[in-house]
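J.: Sequence:
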Amino acid sequence: MENTNKKQLNNTAGRAKVFAIANQKGGVGKTTTALTLGEALTRLSKRVLVIDLDPHANASVHLSFYPENLTVTAHDLFFEDADFKTVWLKIVQKRETVGFDFVPASIRLSELEVDFKDRKNKGMVLSKALEEMKGHYDYILIDCPPHVGVLLVNAIVASDKVLIPIQTDFLALYGIRLLFDTIKILNKVLPRPVRFMALPTMYDGRAGACRRILNLIRRKLGEKVFSTVIHMDTKFREACASGRIIFDVDPNTRGALEYMQLAREIIRNENA
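The opening residue of the sequence shown carries number 12 in this note's numbering; numbering runs sequentially from there.
Read the hints as simulated data drawn from the structure, not as lab findings.
Careful: at least some of the hints might be erroneous.
[What the hints assert, rightly or not] Here are the in silico distance ranges between beta carbons for each label pair:
(1) ASN282 with ALA252: 16 to 24 Å
(2) ASN282 with GLY254: 30 to 38 Å
(3) GLY160 with PRO262: 34 to 42 Å
(4) ASP94 with LEU55: 28 to 36 Å
(5) ARG130 with ARG106: 43 to 51 Å
(6) ARG279 with ASN132: 15 to 23 Å
(7) ASP94 with HIS242: 39 to 47 Å
(8) GLU124 with GLY219: 38 to 46 Å
(9) ARG265 with ARG230: 35 to 43 Å
(10) SER238 with ASP129: 32 to 40 Å
(11) ASN226 with ARG130: 21 to 29 Å
(12) ASP92 with HIS242: 31 to 39 Å
All C-beta atoms in this analysis are idealised placements derived from N, C-alpha and C, irrespective of residue type, glycine included.
Produce the complete structure using the sequences and hints provided.
T.: Here it is, written out as structure tokens:
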């Protein structure tokens, strides 16, 4: 694997756009978005790296990277004396079933809140680490943990844009308020404001409540909401249960087509 990675890291593809996929409410489609969008972008000939930064490691387990079997993970990027180039060569993984490269998570990521207690510039570690990789990918997607802490702050600081999946459900709006509070705090100390886009997910057009929430999201956030809406699709659950991405289950199902639409929208927006 290391020899393969060395070959990959010697190829350059410009400066990657980094997206932190975040919401402080769980169950809104963060991991589904990270993995499915990552695969959609690769199918549009983009080089993609997906990083699992959630100690729960849902994205990792989905792809059969079980934390208990791994010796190197995203956690290695946060060692104080980390040689980033060497670490990346060890932690970037590949699965034949997906087109993107992947960095698995570790439960030890949860220890960083204590480990970083007295560390200087603790919110900048991931940003510095990613500088080593931006020349090798077109897009880097970070699956973030669903709570405020050093990991989420690192991901937001390192990102060019925060992608916020919002379940079209009333309770999901509360998580958005918490995330916006975090962004406001960061905006006071960062040299540039945090850019973000909201993605409506788990939408059911038959439900009046879903329609009302979607309209509310669009009224409140305006152009900060993707035109793409991700509907409910049972194929997502089927893909997860079989350790696959939805494109391998049915590339023509609604969910797959909508994430392809999202990928095209992102590429179009970044090129505008």
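J.: Against each hint, give a clear statement of whether it holds in the structure.
T.: Quick rundown of the hints versus the structure:
1. ASN282 with ALA252: 16 to 24 Å: For ALA252 against ASN282, whose Cβ atoms are near 36 Å apart, the range 16 to 24 Å is violated.
2. ASN282 with GLY254: 30 to 38 Å: 33 Å, holds
3. GLY160 with PRO262: 34 to 42 Å: Taking Cβ atoms as reference, GLY160 and PRO262 lie about 37 Å apart, which means the hint holds.
4. ASP94 with LEU55: 28 to 36 Å: 33 Å, holds
5. ARG130 with ARG106: 43 to 51 Å: With a Cβ separation near 33 Å, ARG130 and ARG106 fall outside 43 to 51 Å, so the hint is violated.
6. ARG279 with ASN132: 15 to 23 Å: Given about 35 Å between the Cβ atoms, the range is violated.
7. ASP94 with HIS242: 39 to 47 Å: 45 Å, holds
8. GLU124 with GLY219: 38 to 46 Å: 41 Å, holds
9. ARG265 with ARG230: 35 to 43 Å: At roughly 25 Å between Cβ atoms, ARG230 and ARG265 fall outside 35 to 43 Å, so the hint is violated.
10. SER238 with ASP129: 32 to 40 Å: 45 Å, violated
11. ASN226 with ARG130: 21 to 29 Å: 44 Å, violated
12. ASP92 with HIS242: 31 to 39 Å: With a Cβ separation near 47 Å, ASP92 and HIS242 fall outside 31 to 39 Å, so the hint is violated.
The structure shown violates the earlier hints numbered 1, 5, 6, 9, 10, 11, 12.
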